[in-house]
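**Q** Order-wise, the sequence lines are chains H and V. The first sequence begins at 1 in my numbering and counts up one residue at a time. The second sequence begins at 1 in my numbering and counts up one residue at a time.
Think of the hints as simulated: they come from the structure by calculation, not from any bench. All C-beta atoms in this analysis are idealised placements derived from N, C-alpha and C, irrespective of residue type, glycine included. Warning: the hint list may mix true and false statements.
To be verified - Beta-carbon label-pair distances, calculated as ranges: (1) V/Asn2 to H/Pro188: 45 to 53 Å; (2) H/Glu265 to V/Glu12: 47 to 55 Å; (3) H/Ala33 to V/Lys335: 35 to 43 Å; (4) V/Val201 to H/Ala33: 41 to 49 Å.
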Amino acid sequence: MGLKVIVLAKQVPDTRNVGKDAMKADGTVNRAALPAIFNPEDLNALEQALRLKDRYPGTKVTILTMGPGRAADIIREGLFRGADDGYLLTDRAFAGSDTLATSYAISCAIKKMDGVDLIIAGRQAIDGDTAQVGPQVAEKLGLPQVTYAEEVLSADKSKMVIKRRLERGVETVEMPLPGVITVNASAPDCRPRNAKLTMKFKHAKTITERQGEAEDYIDMTADRPYLNIAEMSVNDIESDAKWLGLTGSPTKVKKIENVVFQAKESKRLTPSDDEIDELMKELIANHTIG
Amino acid sequence: MNSIFVICEIDEGKVADVSLELMTKGRSLANELKCKLEALVLGHNLKGVEKELFPFGADVVHVGDDARLDPYTTLPHTSVIVELFQKEQPQIALLGATTLGRDLGPRVSSALQSGLTADCTSLVIGDHEDKKAKKEYKDLLYQIRPAFGGNIVATIINPDCRPQMATVREGVMKKEVYDAAFKGKVNKLDIDKMLKPEDLVVKVIERHMEKSKVNIKNSSIIVAGGYGVGSKENFAQLEELAHVLGGEVGASRAAVDAGYASHERQIGQTGVTVRPKLYIACGISGQIQHTAGMEESSMIIAINNDPNAPINKIADYVITGDLGAIVPKLIKFYKKNTK
Ligand SMILES: Cc1cc2nc3c(=O)[nH]c(=O)nc-3n(C[C@H](O)[C@H](O)[C@H](O)COP(=O)(O)OP(=O)(O)OC[C@H]3O[C@@H](n4cnc5c(N)ncnc54)[C@H](O)[C@@H]3O)c2cc1C
Ligand SMILES: Nc1ncnc2c1ncn2[C@@H]1O[C@H](COP(=O)(O)O)[C@@H](O)[C@H]1O
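Given only the sequences and the hints, what does the whole structure look like? Please build it.
**A** In structure tokens:
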């Protein structure tokens with residue numbers, strides 16, 4: 001019983017790593033200094049997919065990521081860890097997408113792929129922490145959803161039983177397939193890169209990345225189709241431009257304020273009411289708390 | 001003006017605190033916009049639920065009482081809400097940023113093609129001018145939330161699509177009875193007509209409540225205690241501080257070894273490494289094995305009765321004194337300055 005599994009994975013700036021050096025002199029975030037990483041909970045999602053592949057031979061795990069050209073790194077990372085193939089959904093037309101426009105583009109891409117039994121997303125991406133794309137993709141595709149999944153207990157071609165973690169408890173639910181699950185950080189960590197697969201897929205590239213390559217690279221990859229990372233643009237999906245990118249995004253950012261952190265010189269306080277009161281006001285005003 | 005809706009959640013047979021907090025917020029927004037505040041409750045055995053909601057200023061309480069709506073599953077709740085919203089056309093819809101709200105909200109917003117802003121920390125009414133389109137918008141909902149790991153604060157608006165939807169975490173808004181004698185109307189929903197068989201495909205097989213796993217790694221605020229905290233009982237105070245700030249409790253190894261805190265909360269070389277936005281170190285001396293796991297925190301507050309404790313060297317704020325007296329003050333003045 002092989003399942004067709006699509007893992008939704010996003011490349012995100014490592015916002016958890018905003019240490020001292022990622023801050024500019026004026027106390028604002030230096031985004032350029034933040035490394036681009038595989039969204040952490042999407043790794044938990046990938047692990048769930050790989051476990052299904054271990055358990056049900058014939059299962060195929062495909063990574064789908066929407067983002068700029070460099071997001072192909074996410075697909076390579078997935079291949080190194082055991083995914084079978086991947087799609088990079090990339091186009092200027094997708095720029096400025098909020099979660100709804102992202103979900104729309106992703107759902108259109110999935111319709112173009114050759115069938116799917118299960119879509120696995122991370123619970124949320126650490127750049128926005130919205131946790132919306134998974135359920136919205138499910139809605140756009142008219143599929144059932146199970147969020148906060150921690151473990152797939154059993155599966156067959158037509159349904160699966162999933163353990164999900166709620167705020168104060170766990171729930172076991174049965175969902176018919178095809179369906180969508182979103183995976184929590186409390187699910188098992190993803191396995192590391194596999195050395196053999198890393199060798200095998202080291203040179204996997206998208207068509208755009210190939211363009212800059214020398215002829216011997218093209219020769220080398222000619223008889224190895226698995227080194228081709230599929231790229232999809234707006235022309236490869238059937239979509240209505242009015243639901244894409246900035247136009248398709250109902251939410252707009254009106255204003256951004258940087259949270260300003262203190263310079264590294266310690267302030268000494270006494271435990272008097274006035275000073276503690278002052279400290280709390282300061283922390284609330286600069287959005288550290290509250 | 002169209003109404004403001006609060007999608008209420010039922011927790012152990014009662015309207016959840018987060019929903020009542022949103023009712024309080026919704027009431028003040030409704031007064032400002034001169035519109036109605038309406039509550040929506042879906043579940044089973046909800047008799048009398050409106051009595052819990054009227055004192056919070058609910059002009060209308062919509063009740064969908066049906067066995068198929070309890071325990072919660074996504075699809076039937078979505079169907080009922082989408083149908084009701086298509087009819088009522090609310091301008092604003094609020095729900096808790098709980099596991100339920102964060103499962104339901106995106107599904108509803110996708111079906112209605114409306115925007116949704118998650119985890120707002122503040123909701124304010126304001127105007128907007130779209131210079132490019134030369135359009136003026138009056139009385140939009142400013143949905144204010146931290147983003148980018150808490151490093152920026154963004155104001156999100158939803159100019160053209162309705163409802164403007166937002167989720168808010170528990171404890172962020174203040175819960176306050178509006179008028180104990182307030183009376184609104186009840187609207188009983190005909191759930192039978194609103195559900196389709198395909199809404200019922202996901203089945204809850206088993207459900208049990210247990211203590212959730214500790215997850216200090218992903219917490220943006222950590223209140224950590226060391227050997228100086230002195231006892232397990234004193235640690236409860238740190239838990240309270242962490243709770244009001246919306247953070248987690250961490251510990252040094254000496255505190256864990258002394259049995260004040262569980263091992264999964266240990267921070268440092270042999271524990272977890274954390275980089276929260278705010279780290280409050282209480283009664284921790286600051287040995288290198290500990291600081292290795294937390295020195296990259298964006299802001300560090302050290303509370304120690306030793307003015308020369310090593311932790312002070314890496315702290316942004318140093319409060320010298322007895323933590324037993326200082327921690328309650330932090331709680332007190334935090335509460336005083338918020339809400
Ligand atoms: C191989 C190795 C690995 C280790 N790994 C870790 C690790 O992962 N994490 C870790 O934390 N440690 C680790 N340690 C232990 C570490 O070296 C320290 O022993 C430990 O961090 C000390 O904990 P502490 O600061 O809570 O206790 P102490 O050093 O005893 O400090 C207590 C502090 O509380 C203050 N204090 C006392 N009473 C009060 C009061 N009423 N009000 C305010 N302040 C008060 C004191 O002034 C003092 O500074 C490791 C050690 C080794 C050798
Ligand atoms: N651009 C994207 N490409 C692929 N998957 C995405 C993208 N954005 C979001 N996702 C998926 O949706 C989940 C939730 O994202 P978010 O709603 O942004 O918090 C992520 O963990 C991913 O699995």
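**Q** Out of the numbered hints, which ones does the structure contradict?
**A** none
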